[in-house]
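Visitor: Mapping the sequence shown onto this note's numbering, position 349 (from 1) lands on 1279, and the numbers just tick up by one.
Among the clues, some could well be false.
As the list claims (entries may be wrong) - Okay, the calculated beta carbon distance ranges per label pair:
1) D1141 x E1099: 16 to 22 Å
2) G1363 x R1202: 51 to 57 Å
3) Q1228 x G1298: 29 to 35 Å
4) Q1038 x G1249: 37 to 43 Å
5) E1099 x Q1038: 56 to 62 Å
6) A1279 x G1005: 37 to 43 Å
7) S1316 x K1294: 34 to 40 Å
8) D1252 x P1275: 47 to 53 Å
9) P1275 x F1095: 47 to 53 Å
10) G1092 x A1277: 45 to 51 Å
11) G1227 x S1302: 38 to 44 Å
12) E1354 x A1279: 43 to 49 Å
No wet-lab data here; the hints were simulated from the structure. C-beta: ideal position from N, C-alpha, C; glycine also.
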Amino acid sequence: MSLEPQPPSEGTRPEVLVLVLPGVGRDQAEHALAEGTFHHLARLAALGAYISPLRLPEPTAQGWAEWALSTGAAGPPPPDWADFQAASGPAACVAWARAGASSSPLWQKAEAAGRPVGLVLWPAAPPSACGRVASARVEGWVQDLPASREEVRLTPAQGWQGLPFSYSEPLQGTVNLSAGGMARELHLVALDRRNDGVTLYDHLLLDGDRDASAGAVLFRTDEWAEGWVFPDQGSAAAFRVLGMQQGADVRISLYRSPAYHLEVQPESLRERLASGVGPLPPPPDLEAWREGWLSGGQVLEMALRHGSGLRRIVAALYGQGDLVALWVRWTPLQEAQQIAGGLGPEAPAAVRQVLRQVDGEIGKLLQGVDLSATAVVVAFVPSEGSPQEGALVAAGRGVRQGVVDGPWSAAEAAGFVGALMGLEVPPGTARYGRALGP
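Let's have the full structure, built from the sequences with the hints guiding it.
Guide: Next up, the structure:
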């Protein structure tokens, strides 16, 4: 694979591509770069600048280090940020608005300057109780667990009669059952009947003819109805489909974490992703793992597939040609490391596997990036509780080649990215100029 600048292609491409890797501190990044686990990222650094260390504020709330990187905030989180973290329901929406107003991220500054930025899984997403603000639900997933495991994809529900009201768009899937030489097709719909800001879909509806008014079975994912549905552990629904020679026992797990939807901005990216990218595997469902509904191996598998899906999305958006910058939060590694503690002796090998996969997916992405027209910035942001130092790898348009000694502050890192976007940045952060080229 070559990471050398590619000949300019027809049309425009984003001037800046920012990939934020949460959960990777400076020490882990440098070790992975040195030993070759981050092979493609090491080659990218050789073409541009490696900036280390990156000093981020000591975080007192989840995600603050990443927020500081994108805003240039140099101190602890404001009180409004802590209020947002602790609030729920409508109160969370008010706290979210106050926290957002307390420090303006780079992408808001770029939008104000008429330079559109595309965001994928940005560092702080509004609570779902605040409505569908900049939220593109590309696809949901349900797990069907008969003798052989099969994943049932959920897409927007169509062709149904008499569906109950749902605050979120109903999603449908089809389960194909067979037992005793007989087969049956069961239609499933996921509904949001609570709108509580915690559970994205909390009810399932099952029917053979897509007619909810004809006596379809509706039940909550954590409180079971009577009829076909027999109680089981966790968030899974265990039921027997009648009318077949031997019956068919099916167990469907509907994950209750908000991992079903992809957060993007601006709103115009919703239809573009849904039509041009296709189904996106969900992020690793850490809640399902903590509750024992999924094994560590299953969640790691989800992390690997999620990384591949993120790469497809970023590659598709990069090729659109109408965005000045793309800001992407690349989360699978952080999530995989969170479950590594439960894997015992297999944990180090599992983390290395995800490290290599993250590097490989980014390498595939960079094969289609024109470095003569686009600056690529990869930010390593440590997890909470670890020594709070990160690092940056940058190469491409406007980036000088060579090692840039730190420490850089969050304000300098944000100023560096802002300068690559062509934004006016605040005075007092000129040290990042050493990494800027012609």
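Visitor: Work down the list of hints and note, for each, if the structure agrees.
Guide: Results of checking the hints against the structure:
A hinted range of 16 to 22 Å holds for the C-beta pair D1141 and E1099, which are about 19 Å apart. G1363 and R1202 have their C-beta atoms about 36 Å apart, which leaves the hinted 51 to 57 Å range violated. Against the hinted window of 29 to 35 Å, the Cβ-Cβ separation of Q1228 and G1298 comes to about 31 Å, which satisfies the hint. Distance hint check for Q1038 and G1249: the Cβ-Cβ separation is about 25 Å, which falls outside the suggested range of 37 to 43 Å.
Between E1099 and Q1038 the Cβ separation comes to about 27 Å, which falls outside the hinted range of 56 to 62 Å. At about 39 Å, the CB distance of A1279 to G1005 agrees with the hint of 37 to 43 Å. The supplied range of 34 to 40 Å is broken by S1316 and K1294, whose beta-carbon atoms lie about 28 Å from each other. About 49 Å separates the C-beta atoms of D1252 and P1275, a value consistent with the hinted range of 47 to 53 Å.
For the pair P1275 and F1095, the supplied restraint of 47 to 53 Å holds, since their beta-carbon distance comes to about 50 Å. Between G1092 and A1277 the CB atoms are about 49 Å apart, so this pair conforms to the stated range of 45 to 51 Å. For G1227 and S1302, the hinted distance range of 38 to 44 Å is satisfied, since their beta carbons lie about 42 Å from each other. Under the hint 43 to 49 Å, the C-beta atoms of E1354 and A1279, about 47 Å apart, fit the expected range.
Violated hints, listed in ascending order, are 2, 4, 5 and 7; each of the other numbered hints is respected by the structure.
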